[in-house]
Every structure is written in C-alpha cells, then in structure tokens.
Amino acid sequence: MKNFFSTLIIASLIFLATASPGQAQEQTKTSVTQPANPLDRWDPLGGFNRRVYRFNANFDRWVVMPLVRGYRFIFPSFARTGFQNFFANIDEVTVFSNSVLQLAPKKAVGTLARTVINTTFGLAGLWDPATRVGLKAYNEDFGQTLGHYGVPPGPYLVVPLLGPSSLREGTGQIADRLLIWGVEYAILGDLQYVFSALYPAEILVSRNATNFIYGELGPFEYELVRYFFMEYREALVED
Amino acid sequence: MNRNRYHPSSLNDGSKNGWAQHVFLYCVLLCCIGLGFAGSADANDSAKTAVYPIKDPYLATVIGTPPDLQADLGHPPKLRLGKWVRFPQRDVPNVFMNGNTLRYVWARQKEAAPMVFVLAGTGGSFFDPKVRFLMGALHQVGFHVVGLSSPTHTSFITSASESEMPGRPTEDAEDLVAVMRQVRNDLEKKLEITGFGLVGYSLGGTDAAFVAERDSRLKEFDFFEVYLINPAVNLHSSAKKLDGLYREALPEGEQSINQLVSTSLKKAIHYVHQSGSTPLGSEFLYQAIADMHPTDTDLEGVIATSFRLSSANMSFAADAMTRSGKIVDPSKKLKVGTEMEGYFNESLHWSFVRYLDELLIPYWLKKTNLNREQLVDQASLASIRDFLKNTDTIDVVTNQDDIVLAPGDLEFLKRTFGDRAIIHPHGGHCGNLEFDPNVRHMQQRFVSAAQARGEQR
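Just so you know, the protein sequences line up as chains A and Z, in that order. Each residue of the first sequence is one higher than the one before, counting from 1 in the numbering used here. Each residue of the second sequence is one higher than the one before, counting from 1 in the numbering used here.
The set of hints was computed from the structure by calculation and includes no laboratory data. Please note that a few of the clues may not be correct.
What the hints assert, rightly or not - Simulated coverage check for chain Z against chain A, where a stretch passes if three residues somewhere in it have a Cβ under 8 Å from a Cβ of chain A:
| no. | region |
| --- | --- |
| 1 | 88-99 |
| 2 | 253-262 |
| 3 | 338-346 |
Stated by the list, open to error - Simulated pairs of lysine-lysine, DSSO-like, Cα-Cα distance not exceeding 30 Å:
| no. | chain 1 | residue 1 | chain 2 | residue 2 |
| --- | --- | --- | --- | --- |
| 4 | Z | LYS389 | Z | LYS326 |
| 5 | A | LYS106 | Z | LYS267 |
| 6 | Z | LYS240 | Z | LYS110 |
| 7 | A | LYS136 | A | LYS107 |
| 8 | Z | LYS83 | Z | LYS389 |
| 9 | Z | LYS335 | Z | LYS55 |
| 10 | Z | LYS241 | Z | LYS110 |
| 11 | Z | LYS241 | Z | LYS219 |
| 12 | Z | LYS267 | A | LYS107 |
| 13 | Z | LYS266 | A | LYS107 |
| 14 | Z | LYS335 | A | LYS106 |
| 15 | Z | LYS55 | Z | LYS110 |
| 16 | Z | LYS189 | Z | LYS240 |
| 17 | Z | LYS219 | Z | LYS55 |
| 18 | A | LYS136 | Z | LYS267 |
| 19 | A | LYS136 | Z | LYS266 |
| 20 | Z | LYS389 | Z | LYS241 |
| 21 | Z | LYS83 | Z | LYS240 |
Think of the CB as a built atom: it goes at the ideal place given N, C-alpha and C, for glycine as much as any other residue.
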C-alpha cells in the first residue's frame, strides 16, 4: 500500500515519457512559442489529462469526500488542526533540505528552528508554537529547487488521485517523498513503515483542509486550474 | 499555534500546505470578485468602527472588508450538499461536469426555524465565499439556510434553466422558484420549517426582487423578509457600465482581452503568493494586497476580468446548450476529452453586453412576441416598481459608489423603496457586505421580520 500513490505518479510519468519523448526535449530547447492565448499552457497530453481530471473529480466526489466527512465526524476541529500541523512538520524536512540545495541559509535556519521547536515543545509537531513565536513557515520543495536551477516546468500533468502537476513538479514530488521516507527510516528504522502507511491519511488531512469542490468553476475549469497551477508554481520558484 | 481561521463552512478546515493550497487559491480567486474572504479573523471588538474605511470603490470591490472589521459569525454551520435533477431527459454535453444535476448547499438549526434562501451574484455558485458568508450570518441568528447558484452559473444553465438562456429576470425567477420549491419539499422531510426569507447580492439581489414579485401573486412562499444587497437595477445598463471598465483597462481594444485576463490573474496570484506559506488567513491576503498599493487601472482590470470570466462561462454554456451556433458549432460533440482552448479563447471575447445583444435578445425575440425595447425594459427593477414600492417586507442596501449602478439608478432605489433603502457612501460593489454593522443590520431585519410574523420564538 505504501507506494500506491507514488506508483501512480511514476506510472503516469512513464506514460508521459513514452507518449511524447521528443516534445519534452524540444520544448526545453526552444523557448516556448507564445501561445495564441496567454492563458494557455503547454499541455501535449491534454486529452489524457482532461480524462484524469474528470476521474479525479468523480473519485473525489464518491470516495474521498465521504471519507473526509467521516474524518470530520470522528475528530473534533482541534484534532484535525493537530494532524495538519503534524504532517506539515514532517514536510519541513523537504523545506529544509531544499532550502539548503538552493543555498538559502535564512530559510534553512528558520525551518530548522521551526522543526526543532515544533517537534519538542509542539509535541511531535501536533502543535505549532514556532508560528506563534514568529518563525515563518516557508514553502520549498524539490520541484522549486529544479526550477531555481533553470529546469523548465515541462508539460502540464494531471496525476491520478493527486491532481495538478507538471513533469518537473511530479519528479519533485517523488524525490521529496523518497527523502521523507529516507529520513524517517534513518530515525525510526523499521518503524518507518508505520509512517509511510500514513500517507493516505496525509492526503485525507490535506483534502480536508482544501476549500474546493470540483465542477463549480464553469466550463473552463480545467484551463483555469491549469493556468493557476503553472503560474503559482512559477511564483513559488521565483521567491 | 496554527489556529483555524474562520470560514463559514465546514466543507474545509482552512488551508495550509501543498496542492491543497493551490486548489484553494483557484477557488478563492475565481469564484468571487472580491478577494475579501468570508469570515472574521481574531474578532477584535475594539477595532470595530461604524464607518466602512475604504473610500476607493474599485479597491472596496476587490478586497472587500478588512478582516478585523468583518462580522464575527462564531462557529461556522455544518454545510450539506443537496442535489436535484430537474430535467432527467435533458442531453447535457459531457464537457459540463455536473451534467443535468443541480447542486445546492444547506445548513440546519436543531429546532424548528424559518428558512432563508441565499441567492448568488452574477455567474456565482452556491460555493462562493459571499454565499457562505451570508449563510453563516443568518444561521448565526437562528435560521435554516440554503445557498443557491445564480441562474447565470454554468451548472444552473445546464441543469435548472428551462430556457438555457438566462438573463431575463422573469424567466430566471421562474427557474429559481422551481428550484426553491424542490429544495423546500426535500428539506421539509428533514427539518421543521416555519417560514421563508430571501436574500441575494448583486444579480442575486435583482433575482430576489423578481422572485418576491412572482411570489406576491402566487403566494407559494409568502416571504417574511426579502433583502437585496447591491442589486443591479437594470441589467442592460449595468452590463454597459461594466463594459466601460474594459475600455479603461483595455487601451488596445477588445483583442487584448486575453492579455488583460492573464495579467490580472497573474497579479492576483502574485498577491496570494505574497501572503506566503503562512496559514492562508484572510488578514494575510488582505494585508498583502493593501501593501501593494494597486492602481485603479490594476483594480479595474481585476474586476473586468472577474466579470468577463463570468460572461464567458455563461455565453459558452448558453450557446452550447441552446445550439445557437455563435461559439460552438452545433454539430460538434463536446466530450470529456475535447480540447477547450479554442472555445475558451473565443468565449473570453463575450462581454455581458455582447451576450445580451447577440445571444439573449435574438433568442427571446424568436420565442416571444416582444420587441427589443420591451425585453430591455423587463430586465429592470423598474418593471416591478409598484410591487417594490408597496411591499414593506423588502429592503435594499447599496452604496453610492457601486460600480454597477448607472446614472439614475440610485434615485430610482430611493424613490421606490423610501426608508427601506439604505445607501452607504462607500463600499463599491458588495465590498462592505461583510462589514460588521451591515451584517448586524441584516440579521436584525430578518429576526424582527420573522418575529413579527410569529415565525421565530
């Protein structure tokens, strides 16, 4: 079970690689020819992506949201916030390591301090005292590191179950996930399997925190989500 | 501690991280004009003042009410989704995600209570922050609440609009009443409902007036209170007024609309990004935008963009559903995997004025024996003036600087509603909807109107 989601990511990346081997490289060489509509983004797998988007929407409606409702029924609000903090604290591993990779000492030190405070005083990250004392949370990941060193985002990708991504971000997500599991293994040894089994729970927690329902943005929801995803990622890379 | 910021919805817990955040942003940015999140942050009573502070109508329209001046609505109600298939036989192209199913959202009181319907504004969905805010506000003072999408929203067009060509208020009111009747039948099985109220903002306000007028003749709901917030007085002159924004924001003319939309959305993303990966509470975003000192041209661009996305969605949906052939070739099948870029591109050139002139009016000229002038006149609150004047359960609240009001509209409202019209000096279009004193006034109107009818303990 533990590699279920990442397998899906890898599978779709392989699919991508085999489906359009030449295009990806061509794209990186010649800077993107300006599309007719500035709202368009490079999407060679559009037809496939659109179907996955719809699959995700249906999966969300019929499987994920019912689970989220159950989750809300069982856990009170403070517990849900605690879980959110807990997973965010684990994610600081990627923020820290990618800050180091991007040679950003301020972010790295700040993140390290956050992790230490939240893991100890914050009861293994369930609580977030670091934000209270004014330590800002940063958002860094391997996709951004790749972007930082000039790797273009590549084609847009909708990953089954996980949603909007791109070749670069998808690769980054896998790298970050492997890193987290590696660090957990180094600290916890075999107990790590307990943590990686929590990955689906993390997705549930993350979905619960997401103020979105599919299908309410109109007929061009796919285009708008794509545009926002790609632009927002670029904004994150640039900071 | 990462405190849960208040959102008047339990459909979410407040966003923090990862893809969750992205998706949250889309919703925030697109669903509403007004990045003003519904909700209050740390309710700081000492900060509350009696005067809405933003004097620039464009800024007010975009960012809404500063978080510490928003009404504190306490614990958000638990929202539930409801569904209805009005036209089981209707063949809706697959590209429309919700097909022929209309969705709405509702929240209950434990005991018997009156129910208030909340109508979304132009192109708005039941999930818009303003709808959820109004639901939260009315739920707080003891009402069952139901949030409905605007008849101009894509899903409403495909699932609940009889004509599939919204924008004629009398017809839209018929559709809304059909939906409300169904919602009532469904929820009466689960709740004890002692009466009905109605509130709408923007075009939803106009819709509410027409629904109320219809109901005054047919007495299906017998509303104890109808509350119109920043309604458009005449749809055609409001559409023209909004087109003026494009002229300001589009010096190179209509062909650069895509560029404008892209630039404005980029700016919006930039604003959101400025809020950092700190918890996405309203005060962060508000501060981020305020700190950037956007110019009026920026703001007009954002407002124009937001409305243009609405009119593009509506034009595309209405054209595809009625097979009018203006945007979509009627012989083409729109499937899940259909590339939509070309349609998106084309639809963005459809302003509200163009929609009215090239889709709505031709459609209704064919279906009725009215002429153009009559259709335009009917799309105005002036066509139900006597009803509005003589019904003391209808209130209207708007702003002197509301950007959708045309010259003469304010005078019309004052003359027609008399002392039931409240006109604030500032607030732009719906910018002061969440402002504490205004929310309290609305709550108080509904509560006292319900009590006067003996519908609330």
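Results for each hint:
1. For the region 88-99 of chain Z, the stated coverage by chain A holds: 4 residues have a C-beta nearer than 8 Å to a C-beta of that chain, and at least 3 were required.
2. Counting residues of the region 253-262 of chain Z whose CB lies closer than 8 Å to any CB of chain A gives 4, so the stated coverage by that chain holds, three being the minimum.
3. Restraint check on the region 338-346 of chain Z versus chain A: 7 residues with Cβ-Cβ distances below 8 Å, three needed, restraint holds.
4. The hinted pair formed by LYS389 (chain Z) and LYS326 (chain Z) fails the criterion: a straight-line CA distance of about 40 Å is larger than 30 Å.
5. At most 30 Å may separate the alpha-carbon atoms for a hinted pair to count; LYS106 (chain A) and LYS267 (chain Z) meet this at roughly 26 Å.
6. Annotation: proposed proximity of LYS240 (chain Z) to LYS110 (chain Z) is violated, straight-line Cα distance about 46 Å (limit 30 Å).
7. Restraint check: the Cα-Cα separation between LYS136 (chain A) and LYS107 (chain A) comes to about 9 Å, which is no more than 30 Å; the hinted pair holds.
8. Proximity of LYS83 (chain Z) to LYS389 (chain Z) is assessed by CA-CA distance (about 36 Å); at most 30 Å being required, the pair is judged violated.
9. Annotation: proposed proximity of LYS335 (chain Z) to LYS55 (chain Z) is violated, straight-line Cα distance about 47 Å (limit 30 Å).
10. The suggested pairing of LYS241 (chain Z) with LYS110 (chain Z) is violated, with an alpha-carbon distance near 44 Å, which exceeds 30 Å.
11. A C-alpha spacing of about 35 Å is found between LYS241 (chain Z) and LYS219 (chain Z), which places the hinted pair above 30 Å, so the restraint is violated.
12. For the hint linking LYS267 (chain Z) to LYS107 (chain A), the alpha-carbon distance of about 25 Å falls within 30 Å, and the restraint holds.
13. Simply put, LYS266 (chain Z) and LYS107 (chain A) have alpha-carbon atoms about 25 Å apart, close enough for the 30 Å limit, and the pair holds.
14. With a C-alpha separation of about 49 Å, the suggested pairing of LYS335 (chain Z) with LYS106 (chain A) is violated against the 30 Å cut-off.
15. Only pairs whose Cα atoms come within 30 Å are accepted, and LYS55 (chain Z) paired with LYS110 (chain Z) is rejected, the gap being roughly 41 Å.
16. For the proposed pair LYS189 (chain Z) and LYS240 (chain Z), the alpha carbon gap of about 45 Å is over 30 Å, so the pair is violated.
17. A threshold of 30 Å between alpha carbons decides the hint, and for LYS219 (chain Z) with LYS55 (chain Z) the separation of about 41 Å lies outside it, so the pair is violated.
18. Taken as a hint, the LYS136 (chain A) and LYS267 (chain Z) pair is honoured in the structure, with Cα atoms around 23 Å apart against an allowance of 30 Å.
19. Taking the CA atoms of LYS136 (chain A) and LYS266 (chain Z), the gap is near 24 Å; set against the 30 Å cutoff, the hint holds.
20. A hinted pair counts as satisfied when its Cα atoms are at most 30 Å apart, and LYS389 (chain Z) with LYS241 (chain Z) qualifies at roughly 25 Å.
21. Restraint check: the Cα-Cα separation between LYS83 (chain Z) and LYS240 (chain Z) comes to about 35 Å, which exceeds 30 Å; the hinted pair is violated.
The structure is inconsistent with the numbered hints 4, 6, 8, 9, 10, 11, 14, 15, 16, 17 and 21, although it conforms to all the rest.
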